[in-house]
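Enquirer: Heads up, the first sequence is in my numbering, so the first residue is 1 and it goes up one at a time.
In case anyone wonders, no lab produced these hints; they're calculated from the structure.
Misleading hints may appear alongside valid ones.
To be verified - Here are the simulated distance ranges between beta carbons: (1) L45 - T239: 44 to 50 Å; (2) T239 - D183: 40 to 46 Å; (3) E158 - Q193: 20 to 26 Å.
Glycine residues also receive a C-beta, built at the ideal position from the N, C-alpha and C atoms.
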Amino acid sequence: MNIVATLEKDITPDGSEYETVRQVIELISADYRDQPSLEAIAAELSQSPTQLQKTFTRWAGLSPKGFLQAVTLDHAKRLLRQEAMPLLETSIEVGLSGPGRLHDLFVTHEAMSPGEWKARGQGLTIRYGFYPSPFGIALVMATERGLAGLAFADPGEEKACLDDMTCRWPNAAYVEDSAATADYAKRIFEPGQWSADRPLRVVLIGTDFQVRVWESLLKIPLGMAVTYSDIAHDIGQPTAMRAVGAAVGRNPISFVVPCHRALGKNGALTGYHWGLTRKRAMLGWESAQV
DNA sequence: GGAATCATGTGAT
DNA sequence: ATCACATGATTCC
Numbered sequence: 001m002n003i004v005a006t007l008e009k010d011i012t013p014d015g016s017e018y019e020t021v022r023q024v025i026e027l028i029s030a031d032y033r034d035q036p037s038l039e040a041i042a043a044e045l046s047q048s049p050t051q052l053q054k055t056f057t058r059w060a061g062l063s064p065k066g067f068l069q070a071v072t073l074d075h076a077k078r079l080l081r082q083e084a085m086p087l088l089e090t091s092i093e094v095g096l097s098g099p100g101r102l103h104d105l106f107v108t109h110e111a112m113s114p115g116e117w118k119a120r121g122q123g124l125t126i127r128y129g130f131y132p133s134p135f136g137i138a139l140v141m142a143t144e145r146g147l148a149g150l151a152f153a154d155p156g157e158e159k160a161c162l163d164d165m166t167c168r169w170p171n172a173a174y175v176e177d178s179a180a181t182a183d184y185a186k187r188i189f190e191p192g193q194w195s196a197d198r199p200l201r202v203v204l205i206g207t208d209f210q211v212r213v214w215e216s217l218l219k220i221p222l223g224m225a226v227t228y229s230d231i232a233h234d235i236g237q238p239t240a241m242r243a244v245g246a247a248v249g250r251n252p253i254s255f256v257v258p259c260h261r262a263l264g265k266n267g268a269l270t271g272y273h274w275g276l277t278r279k280r281a282m283l284g285w286e287s288a289q290v
């Protein structure tokens with residue numbers, strides 16, 4: 001499949017391509033009403049238009065122009081339009097009968113017991129490592145039970161990013177260990193490694209409410225989106241949409257648990273822990289993967 | 001239309 | 001108790 005080709009080429013040793021992409025996205029989203037031309041954007045970044053076009057297309061599978069259209073309000077509404085609720089409900093059945101096929105990445109999940117959660121990570125050893133990814137530098141965290149955390153950073157922010165994650169489970173022991181995490185990084189960002197017989201194991205560490213929200217997120221297929229209130233309905237608490245927003249924001253395994261597919265009711269990208277630009281990048285990137 | 005305002009559940013202090 | 005929220009609907013100009 002050409003997704004694989006696209007991604008493999010994208011994973012440059014230093015992951016520098018996202019830096020260019022990030023700047024382009026910031027420019028076009030700053031004033032997308034003006035529909036900035038490719039030439040204007042290239043000039044702003046002091047690159048040649050053809051070079052920029054090539055870089056961007058290789059990353060997104062989509063020209064800057066196409067991407068621009070993909071991140072408008074209109075497009076976001078289109079993602080929501082296809083009846084979100086039935087969508088969530090039908091995928092429940094899938095989830096019950098074995099590993100779910102979740103955004104084309106096969107994931108089995110398990111939640112920590114309430115007792116383990118109260119211990120705030122006590123007795124848990126978490127191994128971590130940094131890796132280049134299509135969305136910037138990725139911090140991968142894992143326990144013996146499976147993938148526990150995935151975060152993103154721009155160059156130079158690695159420390160802040162690590163702090164952000166470690167303070168969620170302050171009593172855990174942290175070990176930098178690329179041997180234990182490299183396989184996860186590879187599996188996540190190389191779709192060729194996604195398969196049903198070797199599902200990605202994921203451990204959800206959070207409160208009962210949070211885990212229910214995250215499980216709901218896992219049911220959203222690639223290329224679609226739901227609103228925060230859709231999720232609230234799905235977990236049986238229709239009035240808790242605001243609480244859902246907070247829980248979505250606390251998702252420790254971004255991208256794998258697709259929190260970027262939660263939008264405001266009007267299609268606006270309301271917020272993202274790792275930066276709205278990255279949320280836009282993920283949605284635009286995914287819109288080309290269908 | 002857009003700003004101000006309210007109802008609202010969860011989690012941290 | 002109280003407060004801050006990645007919400008959403010309503011009510012004012």
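Enquirer: Run every hint past the structure and note whether it holds.
Expert: Structure-based check of all given hints:
Checked against the hint of 44 to 50 Å, the pair L45 and T239 passes, with Cβ atoms roughly 46 Å apart. As the Cβ distance of T239 to D183 is approximately 42 Å, the hint placing it in 40 to 46 Å holds. Between E158 and Q193 the beta carbons are some 24 Å apart, a value that agrees with the proposed interval 20 to 26 Å.
Consistency note: the structure conflicts with none of the earlier hints.
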